[in-house]
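K.L.:
Next come the chains, spelled out residue by residue.
2 protein chains.
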Amino acid sequence: MQQQYPSQLLEKAVEEFAKLPGIGRKTALRLVLYLLRQETADVEQFADAVKEMKHGIKHCKVCHNISDNDVCPICSSQQRDNSTICVVENVRDVMAIENTAQFNGLYHVLGGIISPMDGIGPSDLEINSLVSRVAAGGVKEVILALSPTMEGDTTNFYIFRKLADYDVKLSVIARGISVGDELEYADEVTLGRSILNRTPFKC
Amino acid sequence: MQQQYPSQLLEKAVEEFAKLPGIGRKTALRLVLYLLRQETADVEQFADAVKEMKHGIKHCKVCHNISDNDVCPICSSQQRDNSTICVVENVRDVMAIENTAQFNGLYHVLGGIISPMDGIGPSDLEINSLVSRVAAGGVKEVILALSPTMEGDTTNFYIFRKLADYDVKLSVIARGISVGDELEYADEVTLGRSILNRTPFKC
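Line order of the protein sequences matches chains A and B. Position one of the first sequence corresponds to residue 1 (our numbering), numbered consecutively onward. Position one of the second sequence corresponds to residue 1001 (our numbering), numbered consecutively onward.
Warning: the hint list may mix true and false statements.
[To be verified] Okay, derived cross-link-like pairs now, DSS-like style, lysine-lysine, Cα gap no bigger than 30 Å in a straight line:
id, chain 1, residue 1, chain 2, residue 2
1, A, Lys58, A, Lys19
2, A, Lys12, B, Lys1061
3, A, Lys51, B, Lys1061
4, A, Lys58, B, Lys1019
5, A, Lys26, B, Lys1202
6, B, Lys1202, A, Lys12
7, A, Lys202, B, Lys1061
8, B, Lys1051, A, Lys26
9, A, Lys58, B, Lys1061
10, B, Lys1162, A, Lys26
11, B, Lys1051, A, Lys12
12, A, Lys19, B, Lys1162
13, A, Lys12, B, Lys1019
14, B, Lys1058, A, Lys58
15, A, Lys26, B, Lys1058
16, A, Lys51, A, Lys19
17, B, Lys1162, A, Lys58
Hints in this document: simulated from the structure, not taken from any laboratory.
Whenever a hint applies, use it, and build me the whole structure from the sequences.
P.N.:
Below, the structure is given as structure tokens:
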């Protein structure tokens, strides 16, 4: 049944919130009524932060990560190893890897993965600019850190072929049992790969 | 661990979203990155809808429901029975009761319930204006439709005493087994009340 809203302004705001992923009309109403109870200045700040974010955020010219400047802090840093490029699907993956504090190279954000089902082909992604970065020289290793799915594997293979003519080491992030996981509950493919790709024991 | 954001504008927008109830920083990031992928016009529309809602929405002078005008459509309607007032906690309760299409009277939105734990006393609620509406005459029945909690019962009793001197019928919404519920899983208090307040059988 169509919900009756006592105000058109309320309805419009609820509809806008309900467009966000994972937010239904009931949750949207709850969020809008919460904003309605806040101070006007706080609501202005909320709306302005969204607008300023949309207008102000740039994408790094080099790695296509989100940035406040033309070149992101990672690409412009003198402390990072610019001979290693880690290829990821999106901005959240960069943040996830940065949070591990285990990687000191640069990134390359593809902006998606090849997915014919969703109509995303290689030309929709930042693959040519990755090839240009490698062609420019100085890159020793490209690490492919895409999702372990059919689409991720397809994209890995496409990039592998594109970079085949260049003298650069290509590697894929390790797939295996998650730290803390029970062996018996791991799926067969993951467990199989973890045995095939076993690493020397260190203590 | 503190998440590292590649952009301060992004971080600011995420922080604003994370202030909303039930939205953590991970969800906030997902929503903000979604907005970042949308057209500028759509994002403007989102932010403007929030601002316009905050600036434009009024509260009905009579029942304190949300409204685009000084008096809400329900209070100004000629089709509604203005001798019956249903007292509710908030705007969402009005919408819930309207959706049942079972009530044709007017409403009175208290804006909360008496809750000493949260520092909400009778003077924080629209109780005096309810008494004024009854005192003005023409009201035959006041239906108390507050939550069946300790706070709801306290508020019911407070309103009952405030209206004791007026010639008005006071009623409380029926409490009993939900339609479709299994009897054996109902709690004792609800089941007990449903037996005490049994209604004549109709077929």
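K.L.:
Taking the numbered hints from earlier one at a time, note which ones the structure violates and give those numbers from smallest to largest.
P.N.:
Per hint list: 3, 5, 6, 7, 9, 10, 12, 14 and 17 violated.
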